[in-house]
Amino acid sequence: MGDRERFYDAEGLRIRTGREIKDVPREIQALAAIVGGLNLLGEPNFRIVWGWARLTLIGGEWTDLDADGNYRQTVGQYRWEPKNMPFDRWHLERWFAPETFGSPGDWHDYTKEVFNGIEFAALGPYPSRGEYEACYCFENPDGSYQELQSHVVETVIRAFQYQRAITDLERKQALKDREEKKKKADDDFAYDLVADCYPAFDGKPNVSVPGKEEQP
Amino acid sequence: MPQMVNADTVALQLEKVRERLPLLYEREGTFYSMLTRRGDVEQVSSRNMRVPLQMKPGGKAGQTSFDGGALGRGSGTRYEVAQLAPLDFKFACELTKRIEYSTNSREKAIANAVTRETANCMAQFRNFLDRYLQTAGDAVLANITVEADPILTLGTPNLANLMYDNQTVQVFNAALTVNRGSLEIQSIDYENAQITIDALPAGTIATDLIVVDGVDAPAPVGIFGVPFHQDDSATGTWLNLDRATFPEIRTPAVDALSAALTTGVIRLALNKIRKALGGEILMRNRLYACMNVEQEDAYEALAITISEIIKTSSNRQGVDLFFDGKKTMSGIPIHANVHWNPERIDFIALAHWGRAVSKDIDLYEVGGQTVYPLYNSTDGGLDAAMIFYIVTSFQVWSDSPRVGAFIENLAKPTGYP
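Residue numbers (the working numbering), protein chains in the order written: chain A, 1 to 216; chain B, 217 to 633.
It should be emphasised that the hints constitute simulated quantities derived from the structure, not laboratory data.
Keep in mind that this is a model prediction, so the values were computed, not measured.
Careful, some of the hints might be misleading.
Said to hold, decoys possible - Here are some of the chain A residues that sit facing chain B, going by a computed Cβ distance under 8 Å:
| # | residue |
| --- | --- |
| 1 | 60 |
| 2 | 63 |
| 3 | 81 |
| 4 | 84 |
| 5 | 86 |
| 6 | 100 |
| 7 | 111 |
| 8 | 123 |
| 9 | 160 |
| 10 | 163 |
| 11 | 164 |
| 12 | 175 |
| 13 | 179 |
| 14 | 186 |
| 15 | 187 |
For every residue, glycine included, the Cβ atom is placed at its ideal position computed from N, Cα and C.
So here's chain A without its partners, still in its complex pose (with noise of 0.2 Å):
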């Protein structure tokens, strides 16, 4: 079927198209190589993929509904399915190698899936060659589909890298203040909440005349 969900009548005709595909511009995708580098299979380290392009194995029970969302029927299959989403948005993907997915037993055991009596892998067979998983999706910051521009690629795969910089210790420092300030901002809202309701410098009158200044 390829990398398109075709939807055929009964004749075989092909009457609509269900997925839309967009190819990756070869520029953006050699930047990305560029500026990610490459792994050990001289693959690069990072690429770009289409949401509805990027198809991944999924085996076990599938329970399919109609359009209306009417219970059809329940059976167990592999398929080829978009492995990101939202479907409809670029995404960056990274190479993980296959020591990241634990032992091929592993694999086997935690992804092992039975339905009646047939065993599936639920991920599909063990990323040998390792796998490219996303870690960025291309959206507006209001979740709005967003084009892609080398320079906003090239910037998130550096952010990647500045990232890598970052140790253990100074990543749980940081998500701890970060939660330490949650809280203070959090009290702070509350009392700043409370004190708005009660009269300006507890009631007294607060038009500066000059002469008429309390004093200490």
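With the hints as your guide, set chain B onto chain A.
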């Protein structure tokens, strides 16, 4: 009639706070406020709220023979009704008249203690509700692993995370059938998961449970929190529906088997939602990846996320790409919460969650009065002290536990209790 003094207007001043109370509770940061802002709110009476669910499809499909074959009988869609009733919550705050007299002007104190205490109570009540939302409908806050009066050591996963200093709680046996009595927490050592208490209720043993003050044994009913609605078990009930009978109300889950977080388990959890409800479900329903900082740290250690900082003219311009801003997990916004189960990540579709409210958060009022004098128990005269209450009545519901997922039994990174 003597001249009116500030003391006479205290009740009036607190009245002014009332309209601002809901504002405080809508403040972003806690799961409670997320529910308030993004979830549905239904105003209900004290009777059960009913949530109709289309549970099972109808119709009998099959092959037949039109050459005189039988067509058979049909069936219809099966609907069920989930039910819940609001629970009542209170937060009592008490202070003496001396405190007010001593701090009610800038010459005497840098902060008005009444103002400060009102604010503290509001913040603490919000904090209590946020912690309470991490319980599974049985009001259990912690489990006792070691009893050494006056110190109790608490077990995983929540340790002492759901309690606060000075809180009054109850001790129930493990089966939640016997109430051994109440105790007050004198201090909490969060690092070592220990609480120091005022007095140990008679009969308390290791394996007993610490539950919220005010609930009754047997079978206490508390807030239907995250672990209640996000549950993959095949036993027990959910909003009066039997999980054994209706697999449709079980939440997809992945057991990490005490291993550290990997991208694999995240994909497994999200794929389970897709497999159960179709791929489009994740496009239509915005999920939130809710977790404690332990799992946020673990995720960051995978080096698969950075923060997005939206720079505006008012934002600071320093580079801080890692610890602030919008962070996502597989494209799903991360919501970090220090009260969350530290061994668990929940993917929650807030559009399917809501609160059944019979009383919004407010000061407790009788005839327009919200601050009450205290009476001496011996002679019936007034004590130089006052009390006020913040109250609310609600319960939390979800109309589709299957639109969500969770990863449980995750290992915590080193350095966390």
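Verification of the hints:
1. 60: 6 Å, holds
2. 63: Cβ of residue 63(A) sits 5 Å from chain B, so the hint holds.
3. 81: 6 Å, holds
4. 84: Since the shortest Cβ distance to chain B is 6 Å, the answer is holds.
5. 86: 6 Å, holds
6. 100: 7 Å, holds
7. 111: 7 Å, holds
8. 123: 6 Å, holds
9. 160: 6 Å, holds
10. 163: 6 Å, holds
11. 164: Holds. Min distance 7 Å.
12. 175: With Cβ-Cβ at 5 Å, under 8 Å, it holds.
13. 179: Holds: closest Cβ of chain B sits about 6 Å from residue 179(A), inside 8 Å.
14. 186: Hint on residue 186(A): holds, closest Cβ of chain B at ~6 Å, below 8 Å.
15. 187: 6 Å, holds
In this structure, every one of the numbered hints holds.
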